[in-house]
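Chemist: Residues per chain are reported as follows:
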Amino acid sequence: MTTATVSTSILPADWRDFLALTKPRVMTLVVFTALCGMLAAPGHVDPVIGFSAILCIALAAGSAAALNQWYEADIDALMKRTRNRPLPAGRMDRQSALHFGVGLGAFSVIFMGLFVNLVSAVVLAGSILFYVLVYTAWLKPRTPQNIVIGGAAGAFPPLIGWAAATGHITLMPVLLFAIVFLWTPPHFWALALFVKTDYAAAGIPMLPVVAGERVTRQQIGLYTIPMAAAAIAPWPLGYAGALYGVAATLSTLVFALFAAQVALRSATPDGDAMRPERRLFKYSILYLFMLFGALVVDRWVLA
Amino acid sequence: MTPDEQDMVRRRQKGGALVMALLLGALVVLIFVVSIAKIKAGNA
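Protein chains in written order, with the working numbering: chain B, 1 to 303; chain G, 1 to 44.
Derived from the structure by calculation, the hints contain no laboratory data.
Watch out, some of these pointers could steer you wrong.
Claimed, not checked - Label pairs and their computed distance ranges (CB to CB): (1) B/R94 / G/E5: 44 to 50 angstroms; (2) B/P42 / G/E5: 54 to 60 angstroms; (3) G/L23 / B/V210: 39 to 45 angstroms; (4) G/G15 / B/L129: 40 to 46 angstroms; (5) B/G43 / G/G15: 22 to 28 angstroms.
Unchecked claim - Covered by chain B, according to a simulated footprint, are these stretches of chain G (three or more residues, beta-carbon under 8 angstroms): (6) 7–20; (7) 32–41.
Glycine included, each C-beta is placed from N, C-alpha and C at the ideal position.
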């Protein structure tokens with residue numbers, strides 16, 4: 001793998017850099033899906049306990065993001081999209097990032113175990129370890145299927161939210177996990193298609209870099225099929241009502257249309273600026289918000 | 001270290017200390033409120 005030297009400032013890091021290390025924008029999606037998992041679960045959660053659980057999930061996501069950046073500082077320095085992060089830009093030393101990430105993760109798991117419940121704490125710890133060890137350190141630099149396995153890390157929040165509310169895991173939270181897990185490949189590969197040169201420069205074996213655009217487009221189309229099935233499944237299985245069913249079907253149809261436009265393109269015309277890929281990427285974020293939002297509205301409206 | 005850099009270090013240390021103080025204060029309040037909630041729920 002290509003490496004770059006990361007310069008380190010002698011100045012102590014600014015608190016804003018620690019905040020940036022937690023990837024707050026990614027955290028919003030994590031918090032949202034976790035909150036939806038919690039609100040969609042049966043029974044009543046004390047608002048204070050619910051808030052604590054969401055806080056722990058957010059801190060755990062921040063911990064995983066910090067440890068990811070600690071491990072990948074050299075790679076981040078090579079990519080235009082990531083070279084201004086606190087570590088590659090030299091605004092923070094690596095040891096501070098490591099201590100911050102480990103501290104945040106340990107705190108979130110202990111707090112969850114003490115004040116919410118043990119099941120959610122165990123899954124929370126597993127999600128941090130999975131993201132940092134299995135995805136970041138093991139699979140990401142080794143296989144073009146990294147995003148598929150790594151998607152599991154991002155799929156944990158609704159499962160943890162449900163476990164925090166109920167203290168156990170049933171088929172429905174596993175379905176929520178499956179939705180995010182299967183949504184991740186089309187979402188990230190759409191991004192990877194238009195930032196391909198960045199990943200190539202860093203030596204990360206992203207699918208478009210290793211297998212080419214055609215295969216990536218096919219894979220986006222293929223993964224959309226099980227994702228659509230998982231997204232609509234809660235309705236026929238009786239875990240959600242018609243409100244969710246209609247919202248999920250319509251939003252998934254739009255997703256499938258955008259994914260098909262990306263999947264069926266054979267080559268990128270000059271001056272095209274990867275518009276369908278960018279559209280799919282942007283819509284995929286909105287799609288997840290709509291899907292989980294509909295699930296909560298459905299549960300509370302029907303209740 | 002130049003005087004400008006020293007100023008910058010002090011500013012950052014002050015900012016960091018302030019944020020840490022606020023976070024610790026918030027943590028104390030959170031633990032208190034969660035403890036009350038757990039006691040009310042009868043599973044403290």
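Chemist: So which hints don't hold here, by number, going up?
Modeler: Violated hints (numbers, rising): 1, 4, 5; every other hint is consistent with the structure.
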